[in-house]
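Trainee: Below, each chain spelled out in residue letters.
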Amino acid sequence: MSRIYKAFEDKKAFIGFLTAGDPTLGKTEEFVLEMERAGASLIEIGVPFSDPIADGPVIQEANIRSLSAGCTMDGIFEVVISIREKTEIPLVFLAYLNTIYKYGYEKFCGRCEECGVDGVIIPDLPFEEKEEILPAASKCGIDIITMVAPTSRERIEMVVKEATGFIYVVSSMGVTGARSEITMDVGEIVGIIRSVTDTPTAIGFGINTKEQVADYSAIADGVIIGSAIVRIIAEYGEEAGPELRKYVEEMVSGIAHA
Amino acid sequence: MSKGRYGKHGGQYIPETLMNEIHKLEDAYEHFKNDAEFVKELDTLNREYAGRPSLLYFAEKMTRDLGGAKIYFKREDLNHTGSHKINNVLGQVLLAKKMGKTRVIAETGAGQHGVATATAAALLDMECEIYMGKEDTVRQALNVYRMELLGAKVHAVESGTMTLKDAVNACMREWTARVDDTLYVLGSVMGPHPFPMIVRDFQSIISREAREQILAVEGRLPDVVMACVGGGSNAMGSFYEFIDDKDVRLIGCEAAGHGVDTDKTAATMAVGTEGVFHGMKSYFCQDEYGQIAPVYSISAGLDYPGVGPEHAYLKDIGRAEYVPVTDEEAVQAFEYIAREEGIIAAIESSHAVAHLMKIAPEMDKGQIIICTLSGRGDKDVAAIARYRGIDLHE
Numbered sequence: 010m011s012r013i014y015k016a017f018e019d020k021k022a023f024i025g026f027l028t029a030g031d032p033t034l035g036k037t038e039e040f041v042l043e044m045e046r047a048g049a050s051l052i053e054i055g056v057p058f059s060d061p062i063a064d065g066p067v068i069q070e071a072n073i074r075s076l077s078a079g080c081t082m083d084g085i086f087e088v089v090i091s092i093r094e095k096t097e098i099p100l101v102f103l104a105y106l107n108t109i110y111k112y113g114y115e116k117f118c119g120r121c122e123e124c125g126v127d128g129v130i131i132p133d134l135p136f137e138e139k140e141e142i143l144p145a146a147s148k149c150g151i152d153i154i155t156m157v158a159p160t161s162r163e164r165i166e167m168v169v170k171e172a173t174g175f176i177y178v179v180s181s182m183g184v185t186g187a188r189s190e191i192t193m194d195v196g197e198i199v200g201i202i203r204s205v206t207d208t209p210t211a212i213g214f215g216i217n218t219k220e221q222v223a224d225y226s227a228i229a230d231g232v233i234i235g236s237a238i239v240r241i242i243a244e245y246g247e248e249a250g251p252e253l254r255k256y257v258e259e260m261v262s263g264i265a266h267a
Numbered sequence: 232m233s234k235g236r237y238g239k240h241g242g243q244y245i246p247e248t249l250m251n252e253i254h255k256l257e258d259a260y261e262h263f264k265n266d267a268e269f270v271k272e273l274d275t276l277n278r279e280y281a282g283r284p285s286l287l288y289f290a291e292k293m294t295r296d297l298g299g300a301k302i303y304f305k306r307e308d309l310n311h312t313g314s315h316k317i318n319n320v321l322g323q324v325l326l327a328k329k330m331g332k333t334r335v336i337a338e339t340g341a342g343q344h345g346v347a348t349a350t351a352a353a354l355l356d357m358e359c360e361i362y363m364g365k366e367d368t369v370r371q372a373l374n375v376y377r378m379e380l381l382g383a384k385v386h387a388v389e390s391g392t393m394t395l396k397d398a399v400n401a402c403m404r405e406w407t408a409r410v411d412d413t414l415y416v417l418g419s420v421m422g423p424h425p426f427p428m429i430v431r432d433f434q435s436i437i438s439r440e441a442r443e444q445i446l447a448v449e450g451r452l453p454d455v456v457m458a459c460v461g462g463g464s465n466a467m468g469s470f471y472e473f474i475d476d477k478d479v480r481l482i483g484c485e486a487a488g489h490g491v492d493t494d495k496t497a498a499t500m501a502v503g504t505e506g507v508f509h510g511m512k513s514y515f516c517q518d519e520y521g522q523i524a525p526v527y528s529i530s531a532g533l534d535y536p537g538v539g540p541e542h543a544y545l546k547d548i549g550r551a552e553y554v555p556v557t558d559e560e561a562v563q564a565f566e567y568i569a570r571e572e573g574i575i576a577a578i579e580s581s582h583a584v585a586h587l588m589k590i591a592p593e594m595d596k597g598q599i600i601i602c603t604l605s606g607r608g609d610k611d612v613a614a615i616a617r618y619r620g621i622d623l624h625e
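So the sequence lines, in the order shown, correspond to chains A and B.
Here this note's numbering is used: position 87 in the first sequence is 96, and no number is missing along the way.
Here this note's numbering is used: position 146 in the second sequence is 377, and no number is missing along the way.
Isolated chain A, as found in the complex (with noise of 0.2 angstroms):
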């Protein structure tokens, strides 16, 4: 059994993610495993990239820390064996599709399998153009995450029929003011989904309350929480492992029961 599938087991999910190397790589291992401490899940590392089309200001600017801090996918990942040698939390990065093919999809993923991550998030890799990496991912049984969006629609059945580790849904289109009726709330897509596919949920996007967190879980398998961490950790910096302690046990406080 993988350990996503474990972090999704006979709970509902608590996701907390981070940019690698925010502010030093050394940090990175240490509020790790300050999340899983005060009861997160499974983590999400990003993968600092120099121009993330898909993040808001907040995760651009914690990889301009990262990067100017000397952030490198070598580092990620040395980082990562030391995080396995003291958890089993699941692990999935989220990089952007150029820092992937850069490194190599077969080294890449031939290193998450050594190294223990457990999937991928690729922001900026649509369903058409999984092919590009999934051979060489299925082949080391790393799980690339599908990700649905208000605007997914018809597409839902397609884009999660073969999804593996869990499916991340999009809460919302991110700017306020701009919701219409193309867009559909997350308890119709969770609906879809489920039809379709065992594979867990997660929510994601904009998340920052107990109450959402409380509201959310209760509709899908898991919650999604990034921004909200790495503010802490821009406003904290190195001193920021017992703020994101306590943070994180109050919105795990949150959490719907299963």
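Honestly, I wouldn't trust all of these hints.
Unchecked claim - Once the Cα atoms are required to be at most 27 angstroms apart in a straight line, the calculated DSS-like pairs of lysine-lysine come out as:
{"no.": "1", "chain 1": "B", "residue 1": "Lys239", "chain 2": "A", "residue 2": "Lys116"}
{"no.": "2", "chain 1": "B", "residue 1": "Lys255", "chain 2": "A", "residue 2": "Lys139"}
{"no.": "3", "chain 1": "B", "residue 1": "Lys239", "chain 2": "A", "residue 2": "Lys148"}
{"no.": "4", "chain 1": "A", "residue 1": "Lys15", "chain 2": "A", "residue 2": "Lys255"}
{"no.": "5", "chain 1": "A", "residue 1": "Lys170", "chain 2": "B", "residue 2": "Lys234"}
{"no.": "6", "chain 1": "B", "residue 1": "Lys234", "chain 2": "B", "residue 2": "Lys255"}
{"no.": "7", "chain 1": "A", "residue 1": "Lys139", "chain 2": "B", "residue 2": "Lys239"}
If you're looking for bench data, these hints aren't it; they were derived computationally from the structure.
Since the structure of chain A is already known, use the hints to place chain B on it.
Mentor: Below, chain B alone, put in the same frame as chain A:
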């Protein structure tokens, strides 16, 4: 394999949020490009509003002075709004309107595409917002005001290197946030399919006209067709109808900045490597880890770390050549063509003129070059003065 491939380049590398919309755009374009009414409306706009066909001008003095091939300029600088960008935006904004959109957004580097988009939006009654790197809003302050006069809202993008690529990032984020009433009017032959195809089709009017015009005056095809390349839309438009004419050499001139052996360059074909960025697989200026490199050129319009996927393909198969031209060479050409022909050409176009000045003298007198002047240089005058140490501000 996905659609929109040029050899291994191209594709649709964008967030799931945009996929439905990009498919809708593709369907709408496939429908309207064959729709008699759409074709007629666009043709009328091109003739009566943009001022097409643009002239194919025989530069007699330069031909004599350089002492080699006959030089013709395809005068896109004489279009309404002063560049080739109008060809694409009239097509795309009209398409947006037909799709029922009420708002267009666009990125801009030098400001030419922004001005053109704001113009088309004003004419066709669309709301318009332009994203421009903060550094470019300073370099091209006049164009910012021009866009505002035309009723557009201009956002100065302060992330990253604050230039063209960051403006594209900002546009993609904005489009992701608001797709229902908005079309992203991409300014070059780049981005995810179908943009490289749509922009190429609308820009290919340049080579369609040029081919007819040269046959009418010379009775034969040119030996060389050349143009400057940033993202590559004026070059793609200039090359397209000549691609099957195997004896016509196609030359794209990219911005070398301080030189391709320095880190202050934007010459993607010379120094770039394969990558996936801004929705497409192509060549990009980047480091070994795939981080996109900050690029530099005196020309805001060529200051982009990538190149359109069809150009990458034409390079791979050897159908087109791509050469780097430095800031200094481009400025000299800017001054030369002004003095010699009385034409103030855009600093972007001056990159092509600079390379023309190198190859024309080495060609036979009976040979013919068509060089596209993609835009006029009024916007660049103050910057060129400063480059020459003259303290002149707009």
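Trainee: Against each hint, give a clear statement of whether it holds in the structure.
Mentor: Here is what the structure says about each hint:
1. Our distance criterion of 27 angstroms between C-alpha atoms is met by B:Lys239 and A:Lys116, whose separation comes to about 20 angstroms.
2. With a C-alpha separation of about 20 angstroms, the suggested pairing of B:Lys255 with A:Lys139 holds against the 27 angstroms cut-off.
3. The hinted pair formed by B:Lys239 and A:Lys148 meets the criterion: a straight-line CA distance of about 23 angstroms does not exceed 27 angstroms.
4. With a C-alpha separation of about 24 angstroms, the suggested pair A:Lys15 and A:Lys255 falls inside the 27 angstroms cut-off, and the hint holds.
5. Distance restraint check for A:Lys170 and B:Lys234: the Cα-Cα separation of roughly 21 angstroms lies within the 27 angstroms cut-off, and the hinted pair is therefore satisfied.
6. Restraint check: the Cα-Cα separation between B:Lys234 and B:Lys255 comes to about 14 angstroms, which is no more than 27 angstroms; the hinted pair holds.
7. Simply put, A:Lys139 and B:Lys239 have alpha-carbon atoms about 15 angstroms apart, close enough for the 27 angstroms limit, and the pair holds.
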